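Peer 1: First to last, the protein sequences are chains A and B. My numbering numbers the first residue of the first sequence as 1 and each following residue consecutively. My numbering numbers the first residue of the second sequence as 161 and each following residue consecutively.
Since the hints were made in silico from the structure, they are not lab data. Keep in mind that the hints are not guaranteed to be accurate.
To be verified - Rough simulated footprint, nothing fancy, chain B against chain A, three-plus residues with beta-carbon under 8 Å:
#, stretch
1, 9–15
2, 18–31
To be verified - So these bits of chain B aren't anywhere near chain A, every CB distance computed over 10 Å:
#, residue
3, P171
4, L192
5, T231
6, E253
7, F267
8, Q318
Stated by the list, open to error - Restraint-style ranges between C-beta atoms, simulated for each label pair:
#, chain 1, residue 1, chain 2, residue 2, range
9, B, L357, A, F4, 18 to 24 Å
10, A, H22, B, L241, 25 to 31 Å
11, A, A66, B, L193, 53 to 59 Å
12, A, E34, B, R190, 28 to 34 Å
13, A, D64, B, L237, 52 to 58 Å
14, B, L208, A, A7, 35 to 41 Å
This structure is a prediction, so every number in the text was calculated from the model and none was measured. In this text, a Cβ means the ideal position worked out from N, Cα and C, and glycines have one as well.
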Amino acid sequence: MAMFVAALILIVSTGMFLFYVHAICQRILRREFEQDYYLAIVNANRLEFPAVRQAVESWEAPVDYAHVRLTLKCDYLALTYLLKNAVNVNRRYTRQEWMLAVYFHAILLLLGLCHKLRLGERSALLNLTAILQYFANVIGQRVSTLRFGSLSAADYLMNL
Amino acid sequence: MDTLVTFIQYPIYLLEAGVLGYILLRRRERSLLPVAIYLGLLVALDGLGRSFVLHLYGFTSLQYAYFYWLTDVLLALGAFLLVCLFFRRACAEHPQLWQVVWLVLVFVLILVAGISLFSLSRNFDHLFTRFIVEFQQNLYFTCLVLNTLLFILMQQLQSADEELSMLVCGMGIQFAGPAANLALVYLTPGQQYGADLYRHIHPFFTLGMLLTWFYALARAPQFGRIAKPQRVAAELVSAGRGEV
Chain A
1 MAMFVAALIL IVSTGMFLFY VHAICQRILR REFEQDYYLA IVNANRLEFP
51 AVRQAVESWE APVDYAHVRL TLKCDYLALT YLLKNAVNVN RRYTRQEWML
101 AVYFHAILLL LGLCHKLRLG ERSALLNLTA ILQYFANVIG QRVSTLRFGS
151 LSAADYLMNL
Chain B
161 MDTLVTFIQY PIYLLEAGVL GYILLRRRER SLLPVAIYLG LLVALDGLGR
211 SFVLHLYGFT SLQYAYFYWL TDVLLALGAF LLVCLFFRRA CAEHPQLWQV
261 VWLVLVFVLI LVAGISLFSL SRNFDHLFTR FIVEFQQNLY FTCLVLNTLL
311 FILMQQLQSA DEELSMLVCG MGIQFAGPAA NLALVYLTPG QQYGADLYRH
361 IHPFFTLGML LTWFYALARA PQFGRIAKPQ RVAAELVSAG RGEV
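Excised from the complex, chain A in its bound form (with noise of 0.2 Å):
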């Protein structure tokens, strides 16, 4: 009996301490900026999250999976890299960057399970935008900071 309580123990808790991770990377990723900075950034690289979370949110037909899960790890690798060297001192990422990372990678996993085993993937695709919306907000604010003459860094990005 010990023992069957102590495996149901330690199931529980281990699903319990990746609730509550996903439940703080949530609340990461609630943080409000003042204005929408993803916007230049999306604009100067021509990202394509956007373009996805659209498709996702209004979402009849079925989408081309691996095309959209190819466009968002590209714009994963675009943004972190923009994360690590752009108005970045130290060249590395915050520990909610990372943790944001992480996440962004175990959601992937998700994903392709999800696709697999064909239950709904509409979460983690809107879950994953999520991560990269914050990414180029976090890349938009700080590059908001420099000025070129008159225009601020965001507004240049936007006249492109």
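With chain A held as given, fit chain B onto it using these hints.
Peer 2: Chain B only, in chain A's frame:
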């Protein structure tokens, strides 16, 4: 082994003191008194007490093992009380709900004490091996269940207290990890390897909790606040009156 424990634990001790110092420097000790007391307990028992005993007797000594497990029980009981006080904060705007929650918490405490006494009477000869692992595992798991109920309650009440929400998530990490780890220790044949593993891994969960708490204290005002339906309705009504 000693070096590894030292390498992991000393930065965590510094972080414990750092978060406590942050609360005091920001003069938030009144609003966060339970958190400050718990952090003070962590600094005193985990940071100072354990380091002193480890320095005196070494990682593999019996004295350190006794001290470690006894302080772990005290810290787990402290964490239980902290969750109870988080319940009180979550129910601040709902006094009637707090009356019910209070009774449930007392009942849970009596239940845990009863089960522990029963287990103690059966395992009196294995006090610092089998009993302590089972007791700690049950205590952490009970705290985890209570913490999760608090988290769900806050979602149901649509609580706008994002700081509390993050503090609760941090506690969840602190309870879930050790509960799973202790269950693994209990299931491991011989238990000695598992117990050593527990003493190595446990600090990482404390680290997770402290980092989450620090983030909550430093960044909570920037979170998007969930508007309460009642509050929004009241604002809309008052705005409507203003126009008339």
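Peer 1: Each of the hints needs a verdict: does it hold here or not?
Peer 2: Structure-based check of all given hints:
1. Against chain B, the stretch 9–15 of chain A contributes 5 residues with a C-beta closer than 8 Å to a partner C-beta. That satisfies the three-residue criterion, and the hint holds.
2. Judged by the Cβ-Cβ criterion of 8 Å, the stretch 18–31 of chain A is covered by chain B as claimed, because 9 of its residues qualify and three suffice.
3. With a least beta-carbon separation of about 13 Å from chain A, B/P171 lies farther than 10 Å from that chain, consistent with its non-interface assignment.
4. With a least beta-carbon separation of about 18 Å from chain A, B/L192 lies farther than 10 Å from that chain, consistent with its non-interface assignment.
5. Every CB of chain A lies more than 10 Å from the CB of B/T231, the least distance being 21 Å, so the non-interface label holds.
6. Against chain A, the non-interface label of B/E253 holds: every CB pair exceeds 10 Å, the least being about 21 Å.
7. At roughly 20 Å from the closest C-beta of chain A, the C-beta of B/F267 stays outside 10 Å, upholding its exclusion from the interface.
8. Annotated as non-interface, B/Q318 keeps its C-beta farther than 10 Å from every C-beta of chain A; the closest such distance is 14 Å.
9. Checked against the given bound of 18 to 24 Å, the beta carbons of B/L357 and A/F4, roughly 22 Å apart, stay inside it.
10. The beta-carbon spacing between A/H22 and B/L241, approximately 27 Å, falls within the hinted interval of 25 to 31 Å.
11. At about 54 Å, the CB distance of A/A66 to B/L193 agrees with the hint of 53 to 59 Å.
12. Taken as a hint, the range 28 to 34 Å holds for the pair A/E34 and B/R190, whose Cβ atoms sit roughly 30 Å apart.
13. Take A/D64 and B/L237: their Cβ atoms lie about 55 Å apart, and the range 52 to 58 Å holds.
14. Our hint of 35 to 41 Å for B/L208 and A/A7 holds, since their Cβ atoms are close to 37 Å apart.
Checked against the numbered hints given earlier, this structure breaks none of them.
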